[in-house]
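Sequence positions in the sequence shown follow mature numbering (1 follows the signal peptide of the UniProt record, and there is no 0) and run -23 to -1, 1 to 175.
It should be emphasised that the hints constitute simulated quantities derived from the structure, not laboratory data.
Since the structure is predicted, the reported quantities are computational estimates derived from the model, not experimental observations.
Hints are not guaranteed to be accurate.
To be verified - Pairwise CB distance ranges, derived in the manner of DEER restraints:
1. P117 <-> R26: 22 to 28 Å
2. T125 <-> P87: 27 to 33 Å
3. P166 <-> H135: 36 to 42 Å
4. V84 <-> P108: 27 to 33 Å
5. P87 <-> E114: 36 to 42 Å
6. A39 <-> D124: 27 to 33 Å
7. A57 <-> P166: 21 to 27 Å
8. H33 <-> D123: 24 to 30 Å
9. A127 <-> V84: 32 to 38 Å
10. A22 <-> A146: 21 to 27 Å
11. G42 <-> P117: 32 to 38 Å
12. H33 <-> S86: 18 to 24 Å
13. P87 <-> R163: 27 to 33 Å
14. V84 <-> D134: 35 to 41 Å
Note that CB positions come from ideal geometry on N, CA and C, so glycine has one too.
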Amino acid sequence: MTRPALSALLLCAALAAGCAGPAAPGTSPRAAAAPGPALLRLPPASLQRELRLQQHITVEYAKHGRTERHELLALLEADAARTRLAAVAGGQVLARLDWDGSELKAVRSPWAPAELQPERILSDLQLSLWPAAAIREALPGGWSLDDTPALRRLRQDHETVAEVRFPDAATTVFTQYRDGYRLTIRTLPSASTQGGDA
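Construct all of the structure, not just a fragment, from the sequences and the given hints.
Following this line, the structure appears as structure tokens:
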């Protein structure tokens, strides 16, 4: 069973909380040691599969004592050479990312949140999708990953930093405890798998 992709994790999360700073140059493919969650820099080929997905993403976070909720559409394409993603909100493109294993290119709309960090988007995407062995190899000292078919848990020492749950084949729930947001990602059927009229 293929886990659904979390293609716009930090595009959504940028709406939820301030993001950690970018990784220092030369950290690829290792994770950057940072005060926030570890930043992964895994080569696209280490995904070991191809993806082409469209997803509906709901982000929830607390703000001034209330739960805020935002929704967007994400499009992800990943293969051995590149990882590309686009996020659309309000009918307009919020951001586009392109990662080739050595350079991360990002284009943001002028109205995209200032806190948006492409490095964190890529890192959370890889935490949810890449093979556990590749993630573990890239984590800095003191970090660990627990992995089962239904759950991934990223820890720093004994603290759970992030959790990724896979309740079914089309749904992923990503909780970032340090930054205080939760994403519910539903992978939409592709046009080729939908029945009925086009």
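Checked hints:
no.	hint	in the structure
1	P117 <-> R26: 22 to 28 Å	26 Å, holds
2	T125 <-> P87: 27 to 33 Å	42 Å, violated
3	P166 <-> H135: 36 to 42 Å	40 Å, holds
4	V84 <-> P108: 27 to 33 Å	29 Å, holds
5	P87 <-> E114: 36 to 42 Å	38 Å, holds
6	A39 <-> D124: 27 to 33 Å	28 Å, holds
7	A57 <-> P166: 21 to 27 Å	25 Å, holds
8	H33 <-> D123: 24 to 30 Å	27 Å, holds
9	A127 <-> V84: 32 to 38 Å	35 Å, holds
10	A22 <-> A146: 21 to 27 Å	24 Å, holds
11	G42 <-> P117: 32 to 38 Å	35 Å, holds
12	H33 <-> S86: 18 to 24 Å	19 Å, holds
13	P87 <-> R163: 27 to 33 Å	28 Å, holds
14	V84 <-> D134: 35 to 41 Å	37 Å, holds
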